[in-house]
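Chemist: Protein chains in written order, with our numbering: chain S, 1 to 125; chain W, 1001 to 1135.
FYI, nobody ran anything at the bench for these hints, they're computed from the structure.
We put the beta carbon where it would ideally sit given N, CA and C, even for glycine.
Be aware that one or more of the hints could be misleading.
Claimed, not checked - Output of the computed footprint for chain W on chain S, the stretches with three or more beta carbons under 8 Å from beta carbons of chain W:
#1 37–43
#2 73–81
To be verified - Computed list of lysine to aspartate or glutamate pairs in EDC-like fashion (alpha-carbon distance at most 16 Å, straight line):
#3 K99(S) <-> D1073(W)
#4 K1111(W) <-> D1077(W)
#5 K1075(W) <-> E1046(W)
#6 K1074(W) <-> E101(S)
#7 K111(S) <-> D62(S)
#8 K116(S) <-> D90(S)
#9 K1128(W) <-> D1058(W)
#10 K116(S) <-> E101(S)
#11 K1111(W) <-> E101(S)
#12 K111(S) <-> D1077(W)
#13 K1111(W) <-> E1066(W)
#14 K111(S) <-> E27(S)
#15 K99(S) <-> E1062(W)
#16 K1075(W) <-> E75(S)
#17 K1095(W) <-> E75(S)
Unchecked claim - Interface residues of chain S toward chain W, partial, derived using beta-carbon atoms under 8 Å:
#18 C17
#19 V23
#20 D24
#21 I25
#22 Y26
#23 E27
#24 N30
#25 D68
#26 R70
#27 A98
#28 N102
#29 G103
#30 V104
The lines below spell out each chain.
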Amino acid sequence: MTKNTHTNSKSIENEGCSAAPAVDIYESPNEYMMKFEIPGVTRQDLAITLENNELEIRGTVDGSSLNDYRHIYSEYALDNYYRKFAVGDDIDADKVEAKLENGVLTLTLHKREERKPRKIEILTH
Amino acid sequence: MYTYSIFNDMLSPLDIMDTFFFGEKTGRNESNYPVVNMYEGHDTIEIRALIPGISPEDLNIELHDENLILKGDKKNDRTEDTYLRAERSFGSFTKTIRLPFRVNTETIQAKLENGVLRVTLEKSEEAKPRKIAIQ
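Here chain S stands alone, though its shape is the one from the complex (with noise of 0.2 Å):
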């Protein structure tokens, strides 16, 4: 799972300009998790969408509360996120969890019940 299919910072499927954020993947025997760091994104604002096998991760960044304001020192622009990874079959697209805390997403994905390594009982006669 998670080949990552696009890391540039410029997006041409998304509309305008659109940052990568950074991301951490681990993998357990029962799931994956991922944390993604998306400050400056709420809730609503966030599509988190699986299908076909690709996992695509979209947050919009509203600026507008900031319109009185003159911009005179700056080391960042908050763009709008994006970022697409390729999942394997062994996803179970039913059970993916998000949670959104501190700026962090943390996508929690579950393995299918036939694709977790099982342990096998050896019978002894």
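Let chain S serve as the given structure and place chain W on it in line with the hints.
Modeler: Frame of chain S, contents of chain W only:
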């Protein structure tokens, strides 16, 4: 399982360009963490810092004269599981931001929302714009 590829460590043309134009460290310059923007309103200054993964209790904001100091600790949330990608970084940081004006020390407000810290400072009376009456 993490697979190491020798290509990860090879110099890319982009790295060479970055080094040429911006010096050794670009992109994830840890000493510059966290990145901040500053905005000026009529009577206020707003500073925004991107600090995803940091909870309010792990963050300290101090004002020393015209310097706003952000001190914090981004706690490592890595698990024991094998990782396929590890792009996020952790650790403690101190960042000093020099303010362009003296500010009113009584009215500083800080808000941490969705990983973005917003510190709103009011200009001190001397720094506020004032209209001069023509006699």
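Chemist: When the structure is checked against the list of hints, which entries are broken? Sort them ascending.
Modeler: 3, 4, 5, 7, 9, 10, 12, 13, 15, 16, 18, 24, 27
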